[in-house]
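Visitor: Next come the chains, spelled out residue by residue.
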Amino acid sequence: MSSARDDILGRLRQRIGREPAGAPAAHARVEQVIAASQAGPRPSYDGDLAARFIERAKALISTVDECAAPADVPARCAHWLIGQGLGRQVVVSPALAGLDWATSGLDVRIGAAGGDDPVGVTGCFRAIAETGTLMLCSGAQSPAVNSLLPQTHIAVVPREHIVADMEAAFAVARDAFERWPRALNFVSGPSRTADIEQTIVLGAHGPYRVHLLIVG
Amino acid sequence: MIKPPPGSRGEVGLFVTCLVDLMRPSIAFAALKLIEAAGYTPVVPDTQTCCGQPGHNAGDARSARALAQKLIAEFERFPCIVAPSGSCAGMIRAHYPHLFDDDEGWRARAEALAAKTFELTQFLADVAGVTEVPGDFVGAVTYHDSCAGLRELGVKRQPRALLDRMPGVEQRPLNECEECCGFGGLFSVKYPDISGAIAQRKCDNIRASGAGTVALGDLGCMMNIEGRLRRNGDEGTQVIHIAELLAGRLDPD
Amino acid sequence: MHFVSRVRQRLDDTELQRNLQRTRGRNAAARLASLASLDDFDAVRERATEIRASVLRDLDVWLERFEAEATRRGATVLWARDGDEACRLVIDIARRHDVKTVVKAKSMVSEEAGLNAALEAAGIRPVETDLGEYILQINDNEPPSHIIMPVIHKSKEQVSELFARVHGTAAKTDIVELTREAREKLRPEFLGAEMGISGGNFLIAETGSVAIVTNEGNGRMCTTMPRVHVALTGIEKVIPTLDDLATLLRILPRSATGQAISNYVSLLTGPKHEGDADGPEHMYFVLVDGGRADLIGGDFEPMLRCIRCGACMNHCPVYQTIGGHSYGWVYPGPMGSVLTPLYQGLEKAKDLPQAATLCNQCGVVCPVSIPLPDLMRKLREKQVDAGLRPWSERLSMRLWAWVAQRPKLYARGVRFAVRYLRWLADGRDRIQAMGVAPGWTAERDFPAPAAQSFRDQYAARQRRAGR
Chain Z
846 MSSARDDILG RLRQRIGREP AGAPAAHARV EQVIAASQAG PRPSYDGDLA ARFIERAKAL
906 ISTVDECAAP ADVPARCAHW LIGQGLGRQV VVSPALAGLD WATSGLDVRI GAAGGDDPVG
966 VTGCFRAIAE TGTLMLCSGA QSPAVNSLLP QTHIAVVPRE HIVADMEAAF AVARDAFERW
1026 PRALNFVSGP SRTADIEQTI VLGAHGPYRV HLLIVG
Chain B
12 MIKPPPGSRG EVGLFVTCLV DLMRPSIAFA ALKLIEAAGY TPVVPDTQTC CGQPGHNAGD
72 ARSARALAQK LIAEFERFPC IVAPSGSCAG MIRAHYPHLF DDDEGWRARA EALAAKTFEL
132 TQFLADVAGV TEVPGDFVGA VTYHDSCAGL RELGVKRQPR ALLDRMPGVE QRPLNECEEC
192 CGFGGLFSVK YPDISGAIAQ RKCDNIRASG AGTVALGDLG CMMNIEGRLR RNGDEGTQVI
252 HIAELLAGRL DPD
Chain G
808 MHFVSRVRQR LDDTELQRNL QRTRGRNAAA RLASLASLDD FDAVRERATE IRASVLRDLD
868 VWLERFEAEA TRRGATVLWA RDGDEACRLV IDIARRHDVK TVVKAKSMVS EEAGLNAALE
928 AAGIRPVETD LGEYILQIND NEPPSHIIMP VIHKSKEQVS ELFARVHGTA AKTDIVELTR
988 EAREKLRPEF LGAEMGISGG NFLIAETGSV AIVTNEGNGR MCTTMPRVHV ALTGIEKVIP
1048 TLDDLATLLR ILPRSATGQA ISNYVSLLTG PKHEGDADGP EHMYFVLVDG GRADLIGGDF
1108 EPMLRCIRCG ACMNHCPVYQ TIGGHSYGWV YPGPMGSVLT PLYQGLEKAK DLPQAATLCN
1168 QCGVVCPVSI PLPDLMRKLR EKQVDAGLRP WSERLSMRLW AWVAQRPKLY ARGVRFAVRY
1228 LRWLADGRDR IQAMGVAPGW TAERDFPAPA AQSFRDQYAA RQRRAGR
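Protein chains in written order, with this note's numbering: chain Z, 846 to 1061; chain B, 12 to 264; chain G, 808 to 1274.
Chain Z with its partners taken away, still in its complex shape:
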């Protein structure tokens, strides 16, 4: 009995009318399409990408704060969390371990979030102005769970990481990753569902709140 793979591909080849002799040319064509990847119609933004990002992020019910330098991040996080009555306990992605969390007044653990951690703090690979979306990549320094399990997610967004659209973010990623990360997560505001009577409820399975701290 032939394998399912051979069966399915064989049927496709037959339906397409692919002769064995034509296969190399088709493969070359496919490689060419990938190598010379063409973006489709992209939006054009005049003006400040960060302003656009912030406007779109707020429309997605993310909250936004800004600070001047990375050194300000721990204090700004503490200020916001305490102001919101969200407590002091945070789990911070290893990528941000170099910041001075000790003096922030927060109860900080560096690492990956568990099911009971109330607040997760992450960095952000890129941020997308078109839709107000975060692009997070998983890795040893950047656990995916920190933006997923806690009820509150704080993302630290370096201003220079804000790009126009997903295509621009992918262009950066292609250059940046020697090995593509297991997960690239695009996050656009808090988790939500509208399954019951199409009524939007925040915090379906992931965070109830997403707070963005723009740095720089």
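In short, the hints are calculated from the structure, not lab data.
We put the beta carbon where it would ideally sit given N, CA and C, even for glycine.
There's no promise every hint is true.
Just so you have them, the derived chain G footprint on chain B, three or more residues with Cβ under 8 angstroms [unchecked claim]:
(1) 117-130
(2) 198-205
(3) 208-214
Chain Z is already provided as a structure; the job is to place chains B and G on it using the hints.
Guide: Structure of chains B and G alone, referenced to chain Z:
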């Protein structure tokens, strides 16, 4: 616009449609009057019957092709072909060419005919550039966009623009005016439960518009909507073809 | 049950009708509003259509490219000829990794395959985690009624009653509280399950990745927490590049729910890396044919462009009147009316291509330009060719065309029809019961025709005018 002398703008082939021929001839007479008023000479080939749409929609491609060939032969000599029906004009414009995907000769003829076939209000507004209409209706009117006219031909603005030329007409918006009325040709007979429920929603919207009259461009949809209104005891709401409304009183002769 | 009886039942179900009307039109309005945030929707739609169409023209090669890339990056790619084979592969994977519980993100292919029943029979516990799918699962495995809003047919009161009964909790009336209750029930499942099964919105050949689009975050949970991830998708889901993904993501959420972007888009590539803080140790793809390959190169190939947004059903007058369960299989609405007969067999879904008004709202809103009404017409043709339509209908069509090709005979026929209908009307302006079309008069009056047909009146007028 200066009124062109009668007949000075050439001939127009009028495809009456089988349903208008059988059920409501006044629509065709209204179309004749409007085409004449626009300065054209309407011609009605007397061998015309059906465009083939019932067969096309019932999966009987052979019948559809046979009737399409007949219609093409009857009408291709005219510079313009007009039908007082979005679905029949749509059949010719959007579907005829594809009936002959395997027959280059007929496909070319079908395409040529498609390119010069128009729904009535489309013809009046876009081709003839009519700025005066003879109708003298007085009252509130709402307009239902029949599916084929709207989505196959882009008929939307034209009937409303023509109604704007009638000082006595007050146009009222119709909620969900682009939603299907549930007619769907043989669908209405094969699935009466679904068709009736969809028609009911259309009737409710028409009544809610507050206009005592609903105008539209397809007799099939008219019969569906009017029949549903009457069945539910609404004797008051008038269902009128846009051609009848625009043409006004028809000479007895 | 026969389609017509199912429909009658749904039309008479006042609770269902109320639920359908409650949300009717909402997604259509949201979609329309969201298109404004694109500079040129038509250009994006055209591009999206071409991306999907171009892959189908070389689907064999794109699949091979995808497989090579996914494999190179550490995933295992498996192939299934049909749903049963897909179930067997998934069960094999589960057994290999000693899996007791599986958390599932929404996968329509798994519905096609009947995966949950197969897992249960194999002693593996599947847990649906999309809120809507979860509600259906605990309601005795009720099927979904919409491809992206599975419980659109239910009210919050029905969900409340169900939760109270199944969870043994106090009945809640608030949607926020109901959602919270499901979250709390499912959180331990995410943390405890050994395997996660996701569908896939797209497979990206460039990187060998699967893209999963969700709002709830359950897709992320299922693909992050368990140690095994299986992505179960149809073979038609491949797209070439990440740039193509960007294009399609401009149009999918807008068409589906009117969102500019869904909350979570996850691009998953291979298993976790050494040293990664989280992610599965094993990643599998199960690529399912299930009737898809047979559509390539034929009239129905455009159907494979479908990106499962649900816009066609959100805009369908029939779907919104009868609800998704009337359609009888996994896929409802216009896309279901085309797919069900193609995947399940023409003779198993005789009504679906017929029960459509061909209003073409679906074709107009389809983000990948699938000419759904044309495909339904083609299916009607196939039904006729296969002898699946009643002989009376075929005969009357033939007879109609035969007469309509003979103008003199036709004119006599029209004269007869006028007399007959006026006889039925019996002096009134309408007919209330008509033997030749009882379906019409069951729901509507039929007007009495004018005393003479147009052709007769016009001929007389021409004679009088001496023409």
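Visitor: Each of the hints needs a verdict: does it hold here or not?
Guide: Hints, one by one, checked against the model:
1. 117-130: violated (count 0)
2. 198-205: Coverage by chain G holds for the segment 198-205 of chain B (8 residues, Cβ < 8 angstroms).
3. 208-214: Check passed, 4 qualifying residues.
In summary, the structure is inconsistent with hint 1 from the numbered list given earlier, while agreeing with all the others.
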